[in-house]
Amino acid sequence: MKSTVPADQVDQVDADQEIIARVLTGDRDAFSLLIHRYADPLFRHALGMTGSPDVAEDILQMSFIKAYSHLAEVRGRFDAWVFRIVANGCKDWLKNIRRTHLSYDEDDQPTGYANPEEELDLTELRSDLDSALLTLPVSLREAFIMKHVEGRSYEEMADLLSTTVGALKMRVHRAREALQALLEEKYA
Amino acid sequence: MKLDDMYEPNRRGEAAREGGKQPGEGSAPLADREVPLPPVATLDHIHRWLDGETPEPTGLRGDQARSLEFWRRMDEETERRRRVVTPPYVAARIMASLPETSFMTAIAPWWKKDVHLSPATIVALAIGAFSLGLLAMRLVTG
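Sequence lines, in order, name chains A and B. Residue numbering for the first sequence follows numbering that gives the first Met the number 0, starting at 0 and increasing by one per position. Residue numbering for the second sequence follows numbering that gives the first Met the number 0, starting at 0 and increasing by one per position.
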């Protein structure tokens, strides 16, 4: 199969390799460049998977520390490698922790709604969507979050999760159907 | 079914093969004839719209319209989540908690790395070397 990697992605990979080489030769501060480059999408992934900003921060921190400690072992794309560390961190957390209800901590989220009623509606929607997401099997939730919250393409998702586009489409479709069944009555 | 109508389907088939008109065709009122329906958006269309493969479906009614409205609302919420960024203090916290790792050791070839032996290992190695020495002496002296 012919692999076509976009030019900007090749540049990004090269830039990452350059930063990694700097860190490995003792420039510890260069690691912050990698954190700034990849923290946001990884944080969104952890937040979507766990539903808790505090937990997402902890998973992000542990993942970057792990990545730093094993930086000499990176082969290929750093972003894909560190994504797998975060994704596994989320799955481990979900395996170990059983929580009955999770929602965003309102203090952590910026608000800019026109009026209190609208804010109340959106806060409720946010909380309901979180609760509904948490009822989904992990693989469906992961696919939905990557597609809709992280805005990734199916090809990118397939690359990161080492699976096929068809399988991921199926997971996303099933996740949508499950969410719709849970929430449609209230929000349609 | 009347006996006269028994072979009606076959006769229709023969007429069609011969390129003739179907019985009743052209004579039925226009309103009764089958006409192809305009494409109706199904749930599959909504999935394809959500996947970014097609534009937003239009002209929906009933359940389909409700589904579309539902996903518009969900899309607003997921769009908002897509703008969430890492709290600014997190990067500094990560940098402050990085371990003191010497990568020069990690990336050096094995023969250049420091060797750390426990006392038990040293004793075992000494016994092994002594035994080998004894064996060698026996072989030499016959």
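In short, the hints are calculated from the structure, not lab data. Incorrect hints may appear among the rest.
Stated by the list, open to error - A few chain A residues that don't get close to chain B, going by computed Cβ distances all over 12 Å: (1) I34; (2) A79; (3) N87; (4) N95; (5) I96; (6) D158; (7) T163; (8) E184.
Said to hold, decoys possible - In the EDC-like style, the derived pairs of lysine to aspartate or glutamate whose C-alpha atoms are separated by at most 16 Å in a straight line are: (9) A:K168 with B:E78; (10) A:K185 with B:D50; (11) A:K185 with B:E99; (12) A:K168 with A:E155; (13) A:K65 with A:D78; (14) A:K90 with A:D57; (15) A:K168 with B:E99; (16) A:K185 with A:D129; (17) A:K185 with B:E76; (18) A:K65 with B:E99.
Note that CB positions come from ideal geometry on N, CA and C, so glycine has one too.
Inset, instruction - For the pair supplied as a hint, K185 (chain A) and D50 (chain B), confirm whether the alpha-carbon distance does not exceed 16 Å. - result: violated, 24 Å
Inset, instruction - Would you mind confirming whether the straight-line C-alpha gap from K168 (chain A) to E99 (chain B) stays at or under 16 Å? - result: Status violated; Cα separation ~43 Å.
Legend entry - Claimed clearance of chain B by T163 (chain A), with the beta carbon kept past 12 Å: Correct as stated: the minimum Cβ-Cβ distance to chain B is 15 Å, above 12 Å.
Inset, instruction - With a cut-off of 16 Å on the C-alpha distance, tell me whether K185 (chain A) and D129 (chain A) pass. - result: Given that 16 Å is the threshold and the Cα spacing comes to 15 Å, the pair holds.
Inset, instruction - Say whether it holds or is violated: I34 (chain A) keeps its Cβ farther than 12 Å from all Cβ of chain B. - result: Check fails; 5 Å does not lie beyond 12 Å.
Inset, instruction - May I ask you to check that N95 (chain A) keeps its beta-carbon over 12 Å from the closest beta-carbon of chain B? - result: Answer for N95 (chain A): holds, closest chain B Cβ roughly 21 Å.
Legend entry - Hinted pair K185 (chain A) and E76 (chain B), Cα distance within 16 Å: holds, 15 Å
Legend entry - 12 Å cut-off, C-beta based - D158 (chain A) kept clear of every residue in chain B: Correct as stated: the minimum Cβ-Cβ distance to chain B is 17 Å, above 12 Å.
Inset, instruction - Take a quick look at whether K185 (chain A) and E99 (chain B) sit within 16 Å of each other, Cα to Cα. - result: Violated - the C-alpha atoms of E99 (chain B) and K185 (chain A) are around 52 Å apart, more than 16 Å.
Inset, instruction - For the pair we were handed, K90 (chain A) and D57 (chain A), check the Cα-Cα distance against 16 Å. - result: Holds. K90 (chain A) to D57 (chain A) sits at ~14 Å (cutoff 16 Å).
Inset, instruction - Verify that the Cβ of A79 (chain A) lies farther than 12 Å from every Cβ atom of chain B, and report whether the claim holds or is violated. - result: holds, 19 Å
Inset, instruction - May I ask you to check that E184 (chain A) keeps its beta-carbon over 12 Å from the closest beta-carbon of chain B? - result: violated, 10 Å
Going through the hint list in order, the structure does not satisfy hints 1, 8, 9, 10, 11 and 15.
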